[in-house]
Amino acid sequence: GENVEQHPSTLSVQEGDSAVIKCTYSDSASNYFPWYKQELGKGPQLIIDIRSNVGEKKDQRIAVTLNKTAKHFSLHITETQPEDSAVYFCAAIPGDYKLSFGAGTTVTVRA
Amino acid sequence: KAGVTQTPRYLIKTRGQQVTLSCSPISGHRSVSWYQQTPGQGLQFLFEYFSETQRNKGNFPGRFSGRQFSNSRSEMNVSTLELGDSALYLCASSWVGGGGTEQYFGPGTRLTVT
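Here the protein sequences come in this chain order: D and A. So the mapping is simple: our numbering equals the position in the first sequence, first residue as 1, plus 549. So the mapping is simple: our numbering equals the position in the second sequence, first residue as 1, plus 497.
Since the hints were derived computationally from the structure, they do not count as laboratory data. Each hint should be verified, as a subset may be incorrect.
Calculated lysine to any residue pairs in the SDA-like style (CA-CA distance at most 20 Å, straight line) [claimed, not checked]: (1) D:586 / A:598; (2) D:591 / A:548; (3) D:571 / D:660; (4) D:586 / A:561; (5) D:586 / A:538.
Chain D regions said to be covered by chain A (calculated; three or more residues, Cβ under 8 Å) [stated by the list, open to error]: (6) 591-598; (7) 649-657.
Residues of chain D placed beyond 12 Å of chain A at every Cβ, according to the derived structure [as the list claims (entries may be wrong)]: (8) 550; (9) 556; (10) 557; (11) 562; (12) 566; (13) 571; (14) 575; (15) 605; (16) 614; (17) 628.
For each residue, glycine too, the CB sits at the ideal point set by N, CA and C.
Construct the entire structure; sequences and hints are all you get.
This is the structure:
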């Protein structure tokens with residue numbers, strides 16, 4: 550099955566700085582890579598996703614890049630704000646229907 | 498459009514009991530997936546239902562089961578509860594499921610087994 554590794558496990562940034570989270574996947578059949586943000590007491594919220602036929606996607610302060618050859622994808626958050634503090638999960642879907650998640654990154658934005 | 502709803506939000510059960518959790522997907526969504534979230538194991542896939550049929554299953558024992566109704570609402574059942582079943586149980590809905598389809602999560606049901 551798919552194995553997704555996520556780094557770092559914790560990330561502390563100064564407000565206004567950028568945050569980068571990296572994930573690698575094992576199954577070359579994976580073709581969809583969503584990112585989720587989970588705040589305390591809530592379910593994961595889909596914030597951005599990328600498909601295997603695209604190398605980069607941007608939505609305001611959030612961007613995701615995908616390198617299929619190296620089997621890794623990254624989340625970039627620019628101009629971080631206190632409300633960006635949360636746990637972020639990357640995920641991948643191979644040929645079946647199961648989302649395989651990374652272990653999560655706890656992001657803390659210091660004011 | 499209303500999001501994914503899960504009931505109840507919190508449950509406390511005793512070892513050996515059974516429990517049923519409910520999930521109502523976003524209107525129009527036909528696929529419902531269930532996940533278990535624990536601090537030690539993270540987010541793990543339980544199973545996925547589409548048009549009342551279980552289409553995929555994760556690596557959980559047979560004590561974990563589910564079903565889906567004709568209105569796409571889904572339930573999951575855990576029998577003979579163990580302490581290790583304490584977790585946040587999340588359901589996610591999507592239009593048709595399958596690879597490459599966005600999944601939207603509910604708030605989860607927090608199950609505590611004592």
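Hints and how they fare:
1. D:586 / A:598: It holds: about 17 Å lies between the C-alpha atoms, which stays within 20 Å.
2. D:591 / A:548: violated (27 Å)
3. D:571 / D:660: Between residue 571 of chain D and residue 660 of chain D the Cα gap is close to 24 Å, so the pair fails against 20 Å, i.e. violated.
4. D:586 / A:561: It is violated: about 27 Å lies between the C-alpha atoms, which goes past 20 Å.
5. D:586 / A:538: Cα-Cα ~18 Å, so holds.
6. 591-598: Per the Cβ count (6), the hint holds.
7. 649-657: holds (count 5)
8. 550: violated (9 Å)
9. 556: Nearest chain A Cβ is 14 Å from residue 556 of chain D, so the label holds.
10. 557: Non-interface label on residue 557 of chain D holds, nearest chain A Cβ at 15 Å vs cutoff 12 Å.
11. 562: holds (23 Å)
12. 566: About 27 Å separates residue 566 of chain D from the closest Cβ of chain A, which puts it past 12 Å; holds.
13. 571: holds (17 Å)
14. 575: holds (16 Å)
15. 605: holds (17 Å)
16. 614: Check passes; 18 Å lies beyond 12 Å.
17. 628: holds (25 Å)
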